[in-house]
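Q: For reference, the chains in residue letters:
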Amino acid sequence: MSLSNSPAVAPLTLAPLTLAVVRHRMKAVTEEMVETMTRTCFSPILNQSQDFSAVILDSSFQTVSQAERVPIHMGAMPRAVRMMAKAFDGDLADGDVLMANDPYWGGSHLPDVTLAMPFFTDGEIRLWVALRAHQGDIGGLSAGGYSAAAREIWHEGLRIPPLKLVAGGTLRDDLLRLVAENSRKPDDLRGDLLAQLSAVRIGATRLAELFARYGRGEIAGAVEAILDGGEAVMRTLLAGCRAGVHRGLSHMEFADAPGGLLPIPVSLTIDGGRAVVDLTGCPDQVRAFINSPYANSCAAVMVAFLYFSGDEEGLNGGSARALDIRTRPGSLVDPVMPAPVGACTSSTACALIEAVLNALEGADPDRAIGSFARRFRFALAGATDDGTPFIWHHFLNKGGTGGNRDHDGWPNIGGLHNPGGTAAPSVERTEASHPLFVEEYALLPDSGGAGERRGGLGGRLVLRYDGREPAVLNASGEGVLVPPTGTQGGEAGPGHRYALLPPDGAARPIAVHDSGVRVEPGARILCLSAGGGGFGDPRRRPRALVERDVAYGYVSAEAARDVYGLGTDA
Amino acid sequence: MLARDMLIGVDVGGTFTDLVLADGSGGVSFVKSPSTPDDPSRGVVNALVQMAAERGESLERLLGQTRVFIHGTTVATNVLVQRNGARLGLITTRGFRDVLELREGARSNRYDLRAPAPDPLIPRPLRLEVTERVAADGTVLAPLDEAELGEAIATLRAAEVDAVVVSFLHAHKRPDHEAAVRAAIEGTGWRPFVSLGHEVLEREGEYDRLSTAAVNAYVGPALQDYLKRLVGQLKAAGIGVPLFVMQSNGGVLPIEEAGRRAYGAVTSGPAGGAMAGALFARTLGLPNLVTYDTGGTSTDVCVIKDGVPIERNRTDLADFRITAPAIEINPIGIGGGSVARIDASGILAVGPQSAGAVPGPACFGKSGTRATLTDANLVLGLISAETFLGGRMSLSVEAARSAVQADVAGPLGVSVEEAAWAVHILATAGITEGIRLATIRQGLDPRDFALMSFGGAGGLHADAVAQDLQIPTVVVPRMASVLSALGFLAADIRQDLQRFVSRPIRSMTAAELAILFDALEEEGRARLRASGVATDGIRVERSLECRYGRQVHGIPVRVGDSLDDQFDPAALERAFTETYRALYQHAHEGEAGILDVCRLSVYGALPKIDLPTQPAGPSDPAPAWRGRRSAYLGGFRELDVYWFDDLRHGMRISGPAIVESASTTILVGPGRVAAVDGIGNLLLNNG
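Chains as they are written, first to last, in the working numbering: chain A, 1 to 570; chain B, 571 to 1257.
Simulated from the structure, these hints should not be mistaken for laboratory data.
We treat Cβ as the ideally placed atom computed from N, Cα and C, and that holds for glycine.
Accuracy of the hints is not assured; some may be wrong.
Derived contacts from chain B toward chain A, CB cut-off under 8 Å, selection only [to be verified]:
no., residue
1, D668
2, E674
3, A676
4, P695
5, H740
6, E776
7, E1003
8, L1007
9, I1010
10, Q1155
11, W1195
Here chain A is said to cover these stretches of chain B; the calculated rule only asks that three of the stretch's residues, wherever they fall, bring their Cβ under 8 Å from a Cβ of chain A [claimed, not checked]:
no., stretch
12, 680-693
13, 907-919
14, 980-988
15, 1080-1091
Next up, chain A with everything else stripped away, as it sits in the complex (with noise of 0.2 Å):
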């Protein structure tokens, strides 16, 4: 079937050129939110990953527009919000501007601190405008967050339920003071909580000189409009697809896990333009950091439809009415408290979005993508030369993207949270500042799922240590157990392997929550990274393209010949 959606057309009750003029400048009233963040932030790192997004919200908490930066943002912020509107019902006038940060509070993950304020006229609320920003360090057991041996909530760091930040108008700097001394950077929490603050401000600003221009009236039926024209979107979308049942699974790596493996099973259910997302079958919640609050499932569903119906533009919360998302509270995708959260917007989130994709193939096989390497970080402390700490996280080899109907799948882009979103440090920067030194960083043949569409290569990557003491290697990620399925016939690319391979002695290799490995000097850490999975029958790719494979090493002669049948074609 056809990717392209036939047009609906918008109801008349509105001029449509308001309507057309509207949404255009919302959406550049978030840009110029996400634009002041960019001018604003206090700590130098915040300005260069851009970890926030900005949304307007309608006075029901649907997204009418947005500027993200990270896609696991879009979706999460309205429950967010509302939960926070909700703690001031009644007590909310004009000039306030609330602050959340918790979970069990609308929230996703301590460092996500949302900024919220509502815009007024006539004294009443008529839209919110929100800035989510992910902040350097929130407290907690180890810097930064992030932390494996959190049990409970309160480990991961400082919660911040819902909050009036400034009140009438007024900043509450006792507040403030309070939330920054909680971080190990209270300097930078302040200053990227203010410029958080600026950022809301500027778009509550332009939203009065939008509706000093078109009136209250226009712009209530434009962000209608508009709402309604997210939801008619998704419905031609999910009215293009089977209808009836279909299911998804996915898994995560949890080593107290039966087999190691926590199954993440996903029943969908389309009818008539609807779909129902059934999570009620994830398995409980556990006393690790891989659970995810129902605010980053929702979002986690949501980046799931986006990246099934490639649409970035046209989908908007009025999509998420077409969606009824369904989840068991005590579950892994809806923990109560007090279940630790922080890996959820990226680990927990990856295997989210790849159960939903999975549940998706069956709805629309044209559309299936075939699965993305997952998350596999480790971090290496050491000290060098001189004495002097540091810290080295591997962002290097990131692994291959799945294939689809009409294109293989990309070397080196990493997990379906953020596909290429951050740069990697260059290796001349790696080897420049720290003790390290990399002898190899190539694709890897034979990695890329085989399919018709073949997944993307994964790398392999030789780290030397070459410190003077012994380093200690941290990891934390996915995807050594669980490699990147295959679809329509394709198959999966094998997992991560990553193995530490001492100067005199036998390899060791790497688990995905492994802590506190020594590494001596003169030690090399190996990295095979995961491959995408492929899509379709791999003996129907294209002869011409197996050939350029085998001619430019992405494919070995034998596999081509084995998993391809280059060669044995009758």
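Got chain A; can you put chain B on it based on the hints?
A: Chain B in isolation, oriented as in the chain A frame:
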């Protein structure tokens, strides 16, 4: 003997070749001549012949009077867009042949997961590894293996590559091995185009160096061939001065060097427009100016601050990166050919899809049938079917109306005029928001700027854009249609040099910095001398690229002109802090700034164009009046129409009115005043 006092700028575009000539007595004239895409040099000669004819003299005589000839070409750009460049081979460090394909693990679109991966400019079998290794501090860990090198060269030669890219790890610290490869290639008698990583970019970052060197080699041979052909034809026609080629950084290079540094020409077209904008900014006393150029498919926005276009050090195109200083061009997906449609949400959208020149807007009567911005403006009566492009192309109002009816008015249930007006306003909003973002991204407020519109499709929206952004003054230059070529004549020869440092500023001494900058300056001056520039015309600008230790990318920091503190580390650290504060509204006083790169630009002055001024005359614009036209601006109105070329200094027009020329149409909004200045520009403001 004829005086050699003419300046000629020639800009080859996709459709027209524009030529601007400034004679020694303050006169400026121009011609537009059709481009000849199969061999653009023919179009250049045609334009020269046409200019000579208009001046009533022979081509030989015209060229004999030429003092400076500056050429801008899209050859390099087209080669990249069409992916029909040179066949490349790579020689690189063992273990690292896939750097180009690994792309630092990044991609620009994070949502369209089905998009195909770009093909690297160098296919894998032609990416060869040799044994050699330099450490991060520049020491040689493994010498270059001569035998392996010989084999690699032989392999690439046998594969009949046109160009060889050489990129070794840490070559910016020790270029010996890369240089040795060039020598070895030359030693074999083979003469491919050779592009060395450390020569295109002397700084850390193996992907940046390799990608830039690969782009250079990919477009270099085609650009060199073209320039050779052009020089041959011009020499045969009697030109006696060296040619210069416009660069993306707003400067020019002598023709041989332009061919070797082909990556520098990739975005040179819009750079010419920005240089013209800068010329007007200085001439008109409007040092802060935003220019926007709306063409057929898109709008390019440039921000000029204090009379100088804002630059960037890295250009990320779809499939590759060029790391070199270039004037920052902010593209917006709105142009005359932008398609208007009702999208999947049922809401009107304009762009970024474009009908371009082919199939073109419906009213062009080519194969296009979809409603575009140009169709909407024609339906509204804002552009004229008869005088569009000076009457060279007649437009079909009927085709425009039926396209707007079918694509927009019908689905929305409104009149054709209402639909067209909606498309027009939405395009204005698109340009407005694009300009707002381009300024705030630099930490600037659009209200502190003037606005300049050029390009055929921009003038109808300029006044509304300015009012929307609360920009007080709009400038529409009379020679808007040949502005890039005009901008060439405001350019200097420019050489950019840099040295990678990567140390805390406060750990350096003034003496170290002075030695560093002096070495760069000496090299820059030597390069300029090689171009035949007299040393008294040389200007030097120094800048740094600095960051905090926790950051990845640096920001450019201008170094003051006072020689006293130029090399004083404390003053430089202050300059970094202040630049950071201007961009981000705060700084980290206690934290050490890292100096990544010392940068030096050497400018060799060329004779510049003088914009001719007219004496002021009467304010009544009646002599330029061409009649009245009914136009729809949310309601039908009768608008006075004026011919731009007949407007004289001092004339004033009260809006609403239309000003037309052969290349553009300007809408003067209700309540606004358009006045003609001494150099013939139209200035729009509140009167």
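Q: If a hint holds in the structure, say so; if it doesn't, say that too.
A: Hints, verified against the model:
Contact between D668(B) and chain A, as hinted, is supported at the beta carbon level, the nearest pair being about 5 Å apart and thus within 8 Å. The interface hint given for E674(B) is met, as the beta carbon of that residue sits about 4 Å from the closest beta carbon of chain A, less than 8 Å. Checking A676(B) against chain A by beta carbon gives a least distance of about 4 Å; that is within 8 Å, so the hint holds. Checking P695(B) against chain A: minimum C-beta separation of about 6 Å stays under 8 Å; hint holds.
Checking H740(B) against chain A by beta carbon gives a least distance of about 6 Å; that is within 8 Å, so the hint holds. Taking 8 Å as the C-beta cut-off, the interface hint given for E776(B) holds, the closest approach to chain A being about 5 Å. The criterion of a C-beta within 8 Å of any C-beta in chain A is met by E1003(B), whose closest approach is roughly 4 Å, and the hint holds. This hint holds: L1007(B) has a C-beta 6 Å from the nearest C-beta of chain A, less than the 8 Å allowed.
A distance limit of 8 Å between C-beta atoms decides the matter here; for I1010(B) the minimum to chain A is near 5 Å, and the interface restraint holds. Checking Q1155(B) against chain A: minimum C-beta separation of about 5 Å stays under 8 Å; hint holds. Checking W1195(B) against chain A by beta carbon gives a least distance of about 32 Å; that is not within 8 Å, so the hint is violated. Taking a C-beta to C-beta cut-off of 8 Å, the stretch 680-693 of chain B contributes 9 residues in contact with chain A, enough for the three needed, and the coverage statement holds.
Look at the stretch 907-919 of chain B against chain A: 9 of its residues bring a Cβ nearer than 8 Å to a Cβ of that chain, three or more, so the hint holds. Counting residues of the stretch 980-988 of chain B whose C-beta sits closer than 8 Å to any C-beta of chain A gives 5, which meets the bar of three, so the coverage hint holds. Coverage of the stretch 1080-1091 of chain B by chain A is violated in this model, with 0 residues showing a Cβ closer than 8 Å to a Cβ of that chain against a need of three.
Checked against the numbered hints above, the structure violates hints 11, 15; every other hint is satisfied.
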